[in-house]
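Protein chains: 2
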Amino acid sequence: MSLLIKNATILTMESDEPEFLVANLGIQGNRIVFIGDVPDNFKAVTEIDGTDKVILPGLINSHSHIAMSLLRHYADDLPFWTWLNDRIMPLEHKLTGADIYAGSMLSIAEMIRSGITTFADMYFFVDEIAQAVKETGIRANLSRGLVFNIPEDIEKLDESVELFYKWNNAADGRIKIDIGPHAPYTCGPDYLKKISKIAKDLDIGVHIHISESRREVEEIYSLYKKSPVEYVRDCGIFENRTYAAHCVKVTDDDIKILANNNVSVMNNPGSNLKFGNGFAPVSKMLDAGINISLGTDGPASNNNLNMFEEINLTALVNKAADHSPTSVPAYTALKMATINGAKALGIDNEVGTVTVGKKADLIIIDMNKPHFYPKLNIVSSLIYSAQASDVCSVICDGRLLMRDRQLLTLDEVKVCENADVAAKKMINSK
Amino acid sequence: MSLLIKNATILTMESDEPEFLVANLGIQGNRIVFIGDVPDNFKAVTEIDGTDKVILPGLINSHSHIAMSLLRHYADDLPFWTWLNDRIMPLEHKLTGADIYAGSMLSIAEMIRSGITTFADMYFFVDEIAQAVKETGIRANLSRGLVFNIPEDIEKLDESVELFYKWNNAADGRIKIDIGPHAPYTCGPDYLKKISKIAKDLDIGVHIHISESRREVEEIYSLYKKSPVEYVRDCGIFENRTYAAHCVKVTDDDIKILANNNVSVMNNPGSNLKFGNGFAPVSKMLDAGINISLGTDGPASNNNLNMFEEINLTALVNKAADHSPTSVPAYTALKMATINGAKALGIDNEVGTVTVGKKADLIIIDMNKPHFYPKLNIVSSLIYSAQASDVCSVICDGRLLMRDRQLLTLDEVKVCENADVAAKKMINSK
Chain A
1 MSLLIKNATI LTMESDEPEF LVANLGIQGN RIVFIGDVPD NFKAVTEIDG
51 TDKVILPGLI NSHSHIAMSL LRHYADDLPF WTWLNDRIMP LEHKLTGADI
101 YAGSMLSIAE MIRSGITTFA DMYFFVDEIA QAVKETGIRA NLSRGLVFNI
151 PEDIEKLDES VELFYKWNNA ADGRIKIDIG PHAPYTCGPD YLKKISKIAK
201 DLDIGVHIHI SESRREVEEI YSLYKKSPVE YVRDCGIFEN RTYAAHCVKV
251 TDDDIKILAN NNVSVMNNPG SNLKFGNGFA PVSKMLDAGI NISLGTDGPA
301 SNNNLNMFEE INLTALVNKA ADHSPTSVPA YTALKMATIN GAKALGIDNE
351 VGTVTVGKKA DLIIIDMNKP HFYPKLNIVS SLIYSAQASD VCSVICDGRL
401 LMRDRQLLTL DEVKVCENAD VAAKKMINSK
Chain B
431 MSLLIKNATI LTMESDEPEF LVANLGIQGN RIVFIGDVPD NFKAVTEIDG
481 TDKVILPGLI NSHSHIAMSL LRHYADDLPF WTWLNDRIMP LEHKLTGADI
531 YAGSMLSIAE MIRSGITTFA DMYFFVDEIA QAVKETGIRA NLSRGLVFNI
581 PEDIEKLDES VELFYKWNNA ADGRIKIDIG PHAPYTCGPD YLKKISKIAK
631 DLDIGVHIHI SESRREVEEI YSLYKKSPVE YVRDCGIFEN RTYAAHCVKV
681 TDDDIKILAN NNVSVMNNPG SNLKFGNGFA PVSKMLDAGI NISLGTDGPA
731 SNNNLNMFEE INLTALVNKA ADHSPTSVPA YTALKMATIN GAKALGIDNE
781 VGTVTVGKKA DLIIIDMNKP HFYPKLNIVS SLIYSAQASD VCSVICDGRL
831 LMRDRQLLTL DEVKVCENAD VAAKKMINSK
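If you read the protein sequences in the order shown, they are chains A and B. Sequential numbering from 1 applies to the first sequence in my numbering. Sequential numbering from 431 applies to the second sequence in my numbering.
Isolated chain A, as found in the complex:
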């Protein structure tokens, strides 16, 4: 596979300030091989005209439960515990491997359409999610969600290890396996310590939820006289590369601990707002030097997989929460959705910027729309005006997954139908 994009505006995301090149970009195999003049010996099988288009690194959705797309639009505008206990969990217990595959395929179709080339996921039936990743050509860090500190969970620790040997670095290296203790309130201390040891033995990352809600903080304090962050640290989790979702209800001390332990925080504004959990202290965490990435959370709590919305929300909401229009500038929000996500997932040497030698994970934005005019500031327009549908083409690992809004690696009509049938069958079954 060799691919040439001619005369595009490239936002590399390599530096602390926006840097643009107007240049040709060449891909050979799965890597970016040049930016600039086309070498004499480069023969492109596919050419794309980049005029009026902007190339960005593929977006990285660093926290999701993608198969939950099957449950979206089913239970909205409800209190969190009614949503979870009365509506979502009874359905989750009915989910089969085939359902998870159907939901994953639906979500991958939506993610590619909105410019996501990598996602991090925590759920169950991970074999089926990995299969969907393999088939569709997207990139993912997958982890088995580990919940409830009860005997049968021991098996799931084994499952996590098996997943590692079966899938880590599979699909030409697009799949990485991490380990996924669900949250402080669903994992006891011995269990977390075992998980930390497995992560250390396999040299993999830990994907976890921390301090999502006030109730969680109160519950953990009443059990351990610690904050959720302190509790997870004291179980040794942070001795591994850790990426922690939400971190909404963190104290100044928690922020210091997260920073000192190089924990990456996945900000999920859509979900945090929708559940009424409030505003993560993003500016404070940035000031402390924490690597903050962005995620959609599961589509049942969002209800989409649209990273343009999360980027926009991040730039907007923190300005209001901080009473300051200079909080979280546009470019900072875009870094969270690209290179910072790659850092969280431990793949920043391979993806997250548009750099010669890195894997070719790129998206192409069509700037020829009224909302991008007048053309005065590309970064501002991408964060404050763009829609996911402005992504016209998506390349992951050197392969075109979408070209001119046509998905190339899956049958979209069938994928949508299959998910619809699976969801309705599950909901209607006793």
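Derived from the structure by calculation, the hints contain no laboratory data. C-beta atoms are modelled at their ideal positions from N, C-alpha and C, and glycine is treated no differently. Don't take each hint at face value.
[Said to hold, decoys possible] Covered by chain A, according to a simulated footprint, are these stretches of chain B (three or more residues, beta-carbon under 8 angstroms):
1. 546-558
2. 727-734
3. 755-763
4. 838-847
Let chain A serve as the given structure and place chain B on it in line with the hints.
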């Protein structure tokens, strides 16, 4: 003109709970003439297949300064007063009538593309804005922005009256002229009293900004020992149909006053967040029975004219601000963007719902996208998953303005180019 939409799912927005019909809808001239079986004597010139599509009332953007699209992406992530005094106002002083026309055409293109069929605007060179409305087929309530209580503003009062006689009910009734005192901090008491009298004499509405920022509240209190709401009330403005933008920093007493005087409030979450002004007390205002509509504000402070974003923000942000996932449910947010907007603008007898006998202002949403699957709840999916680009066709006053994403009443390429040239010329001129 007669138009038939066959077999569509219609969300009428007529009731307090979502009501759907799957039916045919017929348009004759500029009105909806039937919903249901096609009468024998109805001959459609144009037919649209409504399968897998949802019909909604056209969205109503009830607060904007659309010509400011020329200034967007030019000054972001800055403190409000730096933005206004150092960046925006020096440019605004250079704007010509031709610039305003170019910016208005650009914004109307974007608004039609995102399903807006009516907008309310406050700005200057209103003749040029009205001309753009007339040509493009959209609907608008226009008002001359009246700022600074200084002698030469008297002329602008005359200008407002002249605009009324020239444009009110022009373009087949699509244009209404209201009067637009800018804000409490830019209009003194005598001036506001004169404006109130003109509104009464002409029987038109008053479009105003109130209590947008903390600084405004402090300034008005130091001058008059009143809140901005009390001040505007005491100048007699509320004796007219009044629609007030922002109302972010309102007290419980202010909310009572707004409710008792039937003042409509235009909520502008995108702009309020971006400038760090915070969260309007939407739930409290709803509880008090205030008619709340939605607006994008000017595109230089948003930076788009995407009502799907404002609807989504309204449903999300208030849940977090209220610490309650049941605040501002999806359907409530959608009412704000449709029938409530029509009420604010005094045109709810003509538009704002899909009702036989009303003007045919409709949008058609293509639900055949991955983010709408599984199809479990249309309202939820429209508010929490939809993008503006899901609007496939737009009808205003019985006329197709967009069909299958093609704009029919303006030359989009030319409009984008003209705006780009005008903005750059203005910025580069001394």
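Hint by hint, here is what the structure shows:
no.: 1; hint: 546-558; verdict: violated (count 0)
no.: 2; hint: 727-734; verdict: holds (count 3)
no.: 3; hint: 755-763; verdict: holds (count 5)
no.: 4; hint: 838-847; verdict: holds (count 3)
Checked against the numbered hints given earlier, the structure breaks only hint 1 and satisfies all the rest.
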